[in-house]
Amino acid sequence: MADFVNHILTLEDSWIGYIVAALVAAVLILHVVAVGALLFIWMERKISGRIQDRLGPTRVGGKFGWLQTLADGIKLIAKEDVTPDLADKFLFKIAPYVGLAASYAAFIALPFADGVVGQHVNTAVFFVLAVLGLEVFSVILAGYSSGSKWSLFGAMREAAQVVSYEVPLGMCVVVPVMICGTMNLTTIANMQAGFFTNWLVFNDPFTFLTAIVYFTCATAGVNRAPFDLAEAESELVAGFHTEYSGLRWSLFFMAEYSSMFIVAALASILFFGGSHGPIPIADVLGLLSLDNLGSSDPAFHVFNEDGGGFFASLNLEIAIARFLGVANLLLKGTIGVTVMMWVRWSFPRLRIDQVMTMCLKYCVPLAAVGFLGATAWQALDLPTGNSLMNSPRYSHHELWTADDSESAVEEASSNEVQTPHEDDTHAAAKAVKLKTVPVSVVKGGGR
Amino acid sequence: MDLFAVAWPYWHQFFFIIFAATAVGFGFGVLLSKNVVRMAFYLVLSLGSTAGLFFLAGAEFVGAMQLMIYVGGTLVLLIFGVMLTAQKDFINMDTHTQDWILATIVGGSLLMVLLFAAFGAEDWNTPQDLTDAKVEATKEATPLGLALTGIRVDTLGETDDAVQGGKAGYLMPFIIVSVHLLVVLIGAAYMARTKKLSHATNDKSSRAKLMLFKMEHEAELLEEETYVVTHRGQSALNPLDPQDDEN
Chain F
1 MADFVNHILT LEDSWIGYIV AALVAAVLIL HVVAVGALLF IWMERKISGR
51 IQDRLGPTRV GGKFGWLQTL ADGIKLIAKE DVTPDLADKF LFKIAPYVGL
101 AASYAAFIAL PFADGVVGQH VNTAVFFVLA VLGLEVFSVI LAGYSSGSKW
151 SLFGAMREAA QVVSYEVPLG MCVVVPVMIC GTMNLTTIAN MQAGFFTNWL
201 VFNDPFTFLT AIVYFTCATA GVNRAPFDLA EAESELVAGF HTEYSGLRWS
251 LFFMAEYSSM FIVAALASIL FFGGSHGPIP IADVLGLLSL DNLGSSDPAF
301 HVFNEDGGGF FASLNLEIAI ARFLGVANLL LKGTIGVTVM MWVRWSFPRL
351 RIDQVMTMCL KYCVPLAAVG FLGATAWQAL DLPTGNSLMN SPRYSHHELW
401 TADDSESAVE EASSNEVQTP HEDDTHAAAK AVKLKTVPVS VVKGGGR
Chain P
1 MDLFAVAWPY WHQFFFIIFA ATAVGFGFGV LLSKNVVRMA FYLVLSLGST
51 AGLFFLAGAE FVGAMQLMIY VGGTLVLLIF GVMLTAQKDF INMDTHTQDW
101 ILATIVGGSL LMVLLFAAFG AEDWNTPQDL TDAKVEATKE ATPLGLALTG
151 IRVDTLGETD DAVQGGKAGY LMPFIIVSVH LLVVLIGAAY MARTKKLSHA
201 TNDKSSRAKL MLFKMEHEAE LLEEETYVVT HRGQSALNPL DPQDDEN
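First to last, the sequence lines map onto chains F and P. Residues 1 to 447 (my numbering) make up the first sequence, in order. Residues 1 to 247 (my numbering) make up the second sequence, in order.
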């Protein structure tokens with residue numbers, strides 16, 4: 001990207017290209033956070049309205065009231081920024097930014113499609129979970145620094161809840177990592193390409209169970225109803241953000257909605273095929289798609305760096321394939337968020353002891369059963385959802401972890417070289433040697 | 001200084017300076033702050049910047065680990081700091097002069113050891129040809145994970161027996177740490193278990209406790225009920241039974 005910008009500007013390896021490239025990536029992710037929150041808040045109001053047999057917002061911005069959030073935003077900007085007397089002023093002011101920064105940072109490693117990612121992180125799953133875990137930090141800071149008992153109660157509840165739910169959440173995330181043999185989200189998504197039976201949620205009954213437990217724990221982890229004890233308005237006024245007003249208050253909500261989206265997007269990558277649709281339309285029609293393309297292929301790059309002008313160097317087909325991939329992931333993430341809203345307006349809020357019981361007595365054992373069951377399923381080589389459809393592409397992706405025959409290793413090697421972001425061929429070759437050999441050892445061969 | 005002698009823009013250096021400065025700066029913040037919660041907050045920022053340094057060095061797994069374990073751990077520390085000390089008497093920590101002196105001596109001598117070690121390494125003094133320096137990292141966590149399960153992929157090709165011995169990887173330390181953690185977990189669960197109530201008396205607090213116990217163990221008690229009724233005074237599970245004096 002940086003090279004491309006420099007190419008357009010006819011500069012030679014200039015810092016301007018890097019800055020422009022970084023800005024484009026950062027602003028794009030910021031739009032996912034901000035516009036996403038805008039859309040989701042409107043959706044929440046509409047959905048809650050419909051569930052409660054109301055209309056929801058109808059006036060601002062035409063028939064469906066779709067500009068309601070924007071109007072609210074303008075109102076919030078105009079509000080006075082109040083800081084309580086008893087507050088720890090510095091922490092009080094900085095707390096909302098911490099939460100927003102945490103959920104924004106988690107987007108860095110989230111691949112929207114193969115090749116559309118802020119920064120390729122080899123252990124992306126781990127990174128996203130680690131960064132998302134920091135969001136609770138802002139809640140605790142806000143609760144403590146407000147100098148209000150309601151806020152402190154809310155923050156303490158949130159802390160206890162989030163720390164507990166990280167345990168089953170981590171156990172659920174391990175299952176796709178174990179099946180795919182990688183923590184790279186792009187690879188996990190690519191291994192589910194093809195028909196929807198390849199999705200890990202349909203891999204075996206245990207992954208199905210794990211997906212459900214993951215979604216429950218993720219809902220609790222991002223502090224959504226029925227687990228929204230930190231802001232239980234019937235008991236704690238508004239919980240940790242009781243003392244906040246105006247834009248700072250709205251930053252909490254931006255963080256909440258963007259982390260809702262990110263756990264939903266993570267669910268869709270880990271269990272529901274990521275950027276790959278339920279039916280590989282492009283493949284059926286014989287078009288070029290990200291499914292059948294390695295990233296070392298020159299065609300993989302949307303922009304041909306050494307090409308002539310802008311349009312001459314643009315690979316339209318790849319751009320469309322990527323666009324569809326991103327649309328797929330955004331759609332899946334939005335569906336996940338919609339389910340969370342549906343749950344919120346359908347179930348009553350749990351008590352704090354019920355929340356803990358839910359976690360320790362149900363989610364943890366279920367996650368453990370799912371993990372052990374999925375491991376056993378893999379070890380015993382039982383039929384998976386993939387073998388129902390007998391999709392050839394899945395076996396293609398599976399090769400480098402499954403088969404240890406000589407030709408398979410070779411094929412896997414050629415597959416490996418195509419791994420994204422290996423610009424150093426020597427390192428790539430070394431990585432291949434390292435990677436293909438031990439996998440056969442692990443699997444015991446003959447699979 | 002060699003550090004700044006590099007032609008702008010050298011991004012790696014640029015971000016290194018930013019992350020290093022924040023790490024050190026917030027480290028001083030921890031030292032100089034008197035408020036427990038602010039200290040923990042600065043500590044989190046300092047450790048987070050260290051994670052940034054790891055990411056910069058291409059050690060993504062270690063960086064994520066740093067975030068998960070150190071930053072997450074400090075978070076729990078913060079939670080307990082708030083929970084236990086969110087009162088006026090405890091929230092500010094006054095350090096005595098003698099503590100300052102002692103801490104300076106200990107910390108200063110440790111810092112000296114570190115500095116000697118850091119500047120003692122010859123290769124570190126003058127980085128060779130910085131402009132072409134590239135982070136040579138495979139960015140692969142798989143070999144690391146395999147090494148933890150007992151397969152050292154980097155020594156697989158070795159024919160030398162002495163090196164082959166290292167193929168067992170880090171399975172043993174991994175298992176030891178896991179068992180250790182398991183013991184800690186079981187111990188914590190044991191210490192936090194519901195204590196059996198004994199010596200039920202007529203005062204109100206004991207009755208309240210008994211009520212609580214009954215509410216918590218309703219199902220068990222229902223099962224036990226017939227047994228208790230028929231063998232009153234013999235059941236060990238009956239919380240009313242004064243014979244069972246364990247606690």
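Simulated from the structure, these hints should not be mistaken for lab results. Ideal Cβ placement from N, Cα and C applies to all residues, glycine included. Don't take each hint at face value.
[Stated by the list, open to error] Restraint-style ranges between C-beta atoms, simulated for each label pair:
1) E235/F - S109/P: 22 to 32 angstroms
2) A192/P - M178/F: 55 to 65 angstroms
3) G25/P - V24/F: 56 to 66 angstroms
4) L23/F - H180/P: 39 to 49 angstroms
5) L360/F - T149/P: 22 to 32 angstroms
6) V179/P - V24/F: 27 to 37 angstroms
7) V339/F - F119/P: 38 to 48 angstroms
8) L32/P - L23/F: 27 to 37 angstroms
9) G170/F - V179/P: 15 to 25 angstroms
10) E235/F - T149/P: 28 to 38 angstroms
[Said to hold, decoys possible] Per the computed footprint, the stretches of chain F lying under chain P, defined by three or more beta-carbons under 8 angstroms from a beta-carbon of chain P, are:
11) 66-74
12) 134-141
13) 186-199
Hints, one by one, checked against the model:
The hinted window of 22 to 32 angstroms between E235/F and S109/P is violated, with their beta carbons roughly 53 angstroms apart. Under the hint 55 to 65 angstroms, the C-beta atoms of A192/P and M178/F, about 30 angstroms apart, miss the expected range. At roughly 30 angstroms, the beta carbons of G25/P and V24/F sit outside the given window of 56 to 66 angstroms. A hinted range of 39 to 49 angstroms holds for the C-beta pair L23/F and H180/P, which are about 47 angstroms apart.
Between L360/F and T149/P the beta carbons are some 28 angstroms apart, a value that agrees with the proposed interval 22 to 32 angstroms. Checking the proposed 27 to 37 angstroms range against V179/P and V24/F shows it is violated: the Cβ atoms sit about 49 angstroms from each other. Taken as a hint, the range 38 to 48 angstroms is violated for the pair V339/F and F119/P, whose Cβ atoms sit roughly 57 angstroms apart. As the Cβ distance of L32/P to L23/F is approximately 35 angstroms, the hint placing it in 27 to 37 angstroms holds.
A beta carbon spacing of about 19 angstroms between G170/F and V179/P agrees with the range 15 to 25 angstroms that was offered as a hint. Taken as a hint, the range 28 to 38 angstroms is violated for the pair E235/F and T149/P, whose Cβ atoms sit roughly 47 angstroms apart. Closer than 8 angstroms: that is the beta-carbon criterion, and the region 66-74 of chain F has 0 residues meeting it against chain P, so the requirement of 3 is violated. Residue count for the region 134-141 of chain F with a Cβ under 8 angstroms from a Cβ of chain P: 5. That meets the three needed, and the coverage hint holds.
Given a C-beta distance limit of less than 8 angstroms, the hint that chain P covers the region 186-199 of chain F is violated, as 0 residues qualify and 3 are needed.
In the structure shown, a violation is registered for the earlier hints numbered 1, 2, 3, 6, 7, 10, 11 and 13, in ascending order.
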